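There are 2 protein chains.
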Amino acid sequence: MNQDMLKKHISQQFNAELEDVRNRVLTMGGLVEKNVGEAIEALVNGDAALGEMAAKSDYQVNRMELSIDEECSRILARRQPAALDLRLVMTVIKTITDLERVGDKAEKIGRLAIELANQERLDRYKELRYMGELAREALHQALDAFARMDVELAMQVVRGDDVIDDAYDALTRQLVTYMMEDPRNIRRGIDVLWCARALERVGDHAKNIAEYVVYMVLGKDVRHVTPEQIEDEVRKATR
Amino acid sequence: MNQDMLKKHISQQFNAELEDVRNRVLTMGGLVEKNVGEAIEALVNGDAALGEMAAKSDYQVNRMELSIDEECSRILARRQPAALDLRLVMTVIKTITDLERVGDKAEKIGRLAIELANQERLDRYKELRYMGELAREALHQALDAFARMDVELAMQVVRGDDVIDDAYDALTRQLVTYMMEDPRNIRRGIDVLWCARALERVGDHAKNIAEYVVYMVLGKDVRHVTPEQIEDEVRKATR
Numbered sequence: 001m002n003q004d005m006l007k008k009h010i011s012q013q014f015n016a017e018l019e020d021v022r023n024r025v026l027t028m029g030g031l032v033e034k035n036v037g038e039a040i041e042a043l044v045n046g047d048a049a050l051g052e053m054a055a056k057s058d059y060q061v062n063r064m065e066l067s068i069d070e071e072c073s074r075i076l077a078r079r080q081p082a083a084l085d086l087r088l089v090m091t092v093i094k095t096i097t098d099l100e101r102v103g104d105k106a107e108k109i110g111r112l113a114i115e116l117a118n119q120e121r122l123d124r125y126k127e128l129r130y131m132g133e134l135a136r137e138a139l140h141q142a143l144d145a146f147a148r149m150d151v152e153l154a155m156q157v158v159r160g161d162d163v164i165d166d167a168y169d170a171l172t173r174q175l176v177t178y179m180m181e182d183p184r185n186i187r188r189g190i191d192v193l194w195c196a197r198a199l200e201r202v203g204d205h206a207k208n209i210a211e212y213v214v215y216m217v218l219g220k221d222v223r224h225v226t227p228e229q230i231e232d233e234v235r236k237a238t239r
Numbered sequence: 001m002n003q004d005m006l007k008k009h010i011s012q013q014f015n016a017e018l019e020d021v022r023n024r025v026l027t028m029g030g031l032v033e034k035n036v037g038e039a040i041e042a043l044v045n046g047d048a049a050l051g052e053m054a055a056k057s058d059y060q061v062n063r064m065e066l067s068i069d070e071e072c073s074r075i076l077a078r079r080q081p082a083a084l085d086l087r088l089v090m091t092v093i094k095t096i097t098d099l100e101r102v103g104d105k106a107e108k109i110g111r112l113a114i115e116l117a118n119q120e121r122l123d124r125y126k127e128l129r130y131m132g133e134l135a136r137e138a139l140h141q142a143l144d145a146f147a148r149m150d151v152e153l154a155m156q157v158v159r160g161d162d163v164i165d166d167a168y169d170a171l172t173r174q175l176v177t178y179m180m181e182d183p184r185n186i187r188r189g190i191d192v193l194w195c196a197r198a199l200e201r202v203g204d205h206a207k208n209i210a211e212y213v214v215y216m217v218l219g220k221d222v223r224h225v226t227p228e229q230i231e232d233e234v235r236k237a238t239r
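Sequence lines, in order, name chains U and F.
Residues 1 to 239 (full-length UniProt numbering) are what the first sequence spells out, left to right.
Residues 1 to 239 (full-length UniProt numbering) are what the second sequence spells out, left to right.
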C-alpha cells in the first residue's frame, strides 16, 4: 500500500468510527426518549408496571454513556481529531452527559408513577401530559438536529424552551392552589410537582444538546447567550 | 536547539498548559463555592442584598466554563494528549459542566432568598443551613481531591452523599408537615423545598466530580457503580 492509499484507508476508518459514535448517541437518545415517554404514560394512566419498566431500563442508559465516553477517549487518543471532527467528539461527550441526566429524570418519574398509581388521580394530569409532550418533542428535535447537523432546527429547540417553562410555571401555580384547597392533597401535590420539575429539566437538557449542535456545526459556543444573540451568530456564519 | 531540547521545551510548555487549566478549574470551583455559601447565608439570614450578589455573579461562572472549555479544545487539537494527560482534560471538561450547574443552583437559591427575605422566617432554616454546610463541604472536598489527585478523599465524597440525601429526606418530611399545619405556609414551604432540593443536587454534582477524579487517577470509570464496588477498584489499583 502506498502512502496515499494508507492515508485514505486511515481516514476511511476514522470516518467509520465517527459515524459509529454518532449512531450510538442516537441509539442512546432513542432509548432515553422511549423511557421518558413510558414514564409519562405510566404517570398519567396510573400504570405502575409501566413505571417500573421505565425506571428499570435506566441502567442501560448508564451503560451506554460509559461505553460511548470510552469510545470518545479512544478516538481522541488514537485519531487526534481536529476542527469539525474534534467538535463532534466534544459535542458527543457533552450530549451523552445530558442524555444520562434525562434518563435519571425518566427513572424518577417512573418511580413517582408507581407511588401515585394507587392514589386518587388528579385532574392536573392533563397539563402534565401536555408538558411531557413538549419536553419529549424538544428532546426528539434536539437529537434530530444532532443527526442532521441542522442549526435551524437546533435554534427552534432553544427558542421553544420558554414554552415548556411557561407550562411549568402555570402547572406549579395550579398545584399550589390545589394543595391549599385541602391539606390532604399536599403530599400528592408535591409528588406531581416533582414530576413537572423533572419534565422542565428534560426541556433544559434538550436545549443544552441543541446548543452543542450549534457549536459543533458553526464552531461558535452559544451557551449562556440569548436566542437573539445566537440567531445573530447563525446569520453571520451562514451569510 | 537540538531535537531533544525541542522535545523537552514542548513538553514543558504542555505541562504548563495543563497546570494552567487545572488552576482555572480550581478558581472556577472557588467562585462557585463562594456563591453557594453566600446564597445559603442570604437565605438563612433573610439578606436580600447578599442573595442578589450570589445570583448575579453566576455570569462569571458561565464565562469561566466557556473559556476553560475552549482551552481544553485547544489542548486536544494541538497537544494530542494521551493516558493521564488525556484523562485530565476529559475530567476538566466534565467537571466544569458540573460546576456550572452548581453555579445555577447558587443563583436559584440566591433568587429564592430574595423572595423569602421579606416573609416570616421558618424554624426549618436551621436544617437548611446544616444541609448547606454538608453540600458546600462535599463540593470543597471534591475540588480538593481534584487538586491533589487524591482518590481516598474523592471516595469520602462519594460515600458522604448518602448523608446529604438523608438530611434532604428528613427536611422534606418536616416541610410537608409544616405545610399541612396551615395552608398559608404552602407557598413558602415550596420555596424552601426548592432550596433544599437545589442543595441536594449540589451534593450530587460534588459526587460526580469526585467520581471523575477517581477515573482521572486510576483510569477506571466508577460512575453508576456502588461505593463498595469503587473501593474494590481502588484496592485493586493500589495493590
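Simulated from the structure, these hints should not be mistaken for laboratory data.
A couple of the hints might just be wrong.
For identical chains, the list gives no copy identity; a pair is met inside one copy or between any two copies.
[Said to hold, decoys possible] Okay, derived cross-link-like pairs now, DMTMM-like style, lysine to aspartate or glutamate, Cα gap no bigger than 25 Å in a straight line:
{"hint": "1", "residue 1": "220", "residue 2": "169"}
{"hint": "2", "residue 1": "8", "residue 2": "232"}
{"hint": "3", "residue 1": "56", "residue 2": "166"}
{"hint": "4", "residue 1": "56", "residue 2": "228"}
{"hint": "5", "residue 1": "34", "residue 2": "52"}
{"hint": "6", "residue 1": "7", "residue 2": "52"}
{"hint": "7", "residue 1": "108", "residue 2": "169"}
{"hint": "8", "residue 1": "56", "residue 2": "165"}
{"hint": "9", "residue 1": "220", "residue 2": "166"}
Computed from a prediction, not measured in an experiment: that's the story for all the values here.
Right, here's what the structure says about each hint:
Taking the shortest alpha-carbon separations for residue 220 and residue 169, neither the intra-copy value of 31 Å nor the inter-copy value of 42 Å comes in at or below 25 Å. Proximity of residue 8 to residue 232 under the C-alpha cut-off of 25 Å is found in neither arrangement, the shortest distances being 38 Å within a copy and 44 Å between copies. In this assembly of identical chains, the alpha carbons of residue 56 and residue 166 lie at most 25 Å apart only when taken from different copies (23 Å versus 30 Å within one copy). In the homo-oligomer, the alpha carbons of residue 56 and residue 228 lie at most 25 Å apart only across protomers (21 Å), although the nearest pairing inside one protomer, at 40 Å, exceeds that limit.
Taking the shortest Cα distances, residue 34 and residue 52 sit within 25 Å of each other inside one copy (14 Å), while across copies they are farther apart (40 Å). Proximity of residue 7 and residue 52 under a CA criterion of 25 Å is satisfied in neither setting, with 50 Å inside one chain copy and 57 Å between copies. In this assembly of identical chains, the alpha carbons of residue 108 and residue 169 lie at most 25 Å apart whether taken from the same copy (20 Å) or from different copies (15 Å). In the homo-oligomer, the alpha carbons of residue 56 and residue 165 lie at most 25 Å apart only across protomers (21 Å), although the nearest pairing inside one protomer, at 28 Å, exceeds that limit.
In this assembly of identical chains, residue 220 and residue 166 lie within 25 Å of each other by CA distance neither inside one copy nor across copies; the values are 28 Å within and 42 Å between.
When held up to the earlier numbered hints, the structure conflicts with 1, 2, 6, 9 and fits the remainder.
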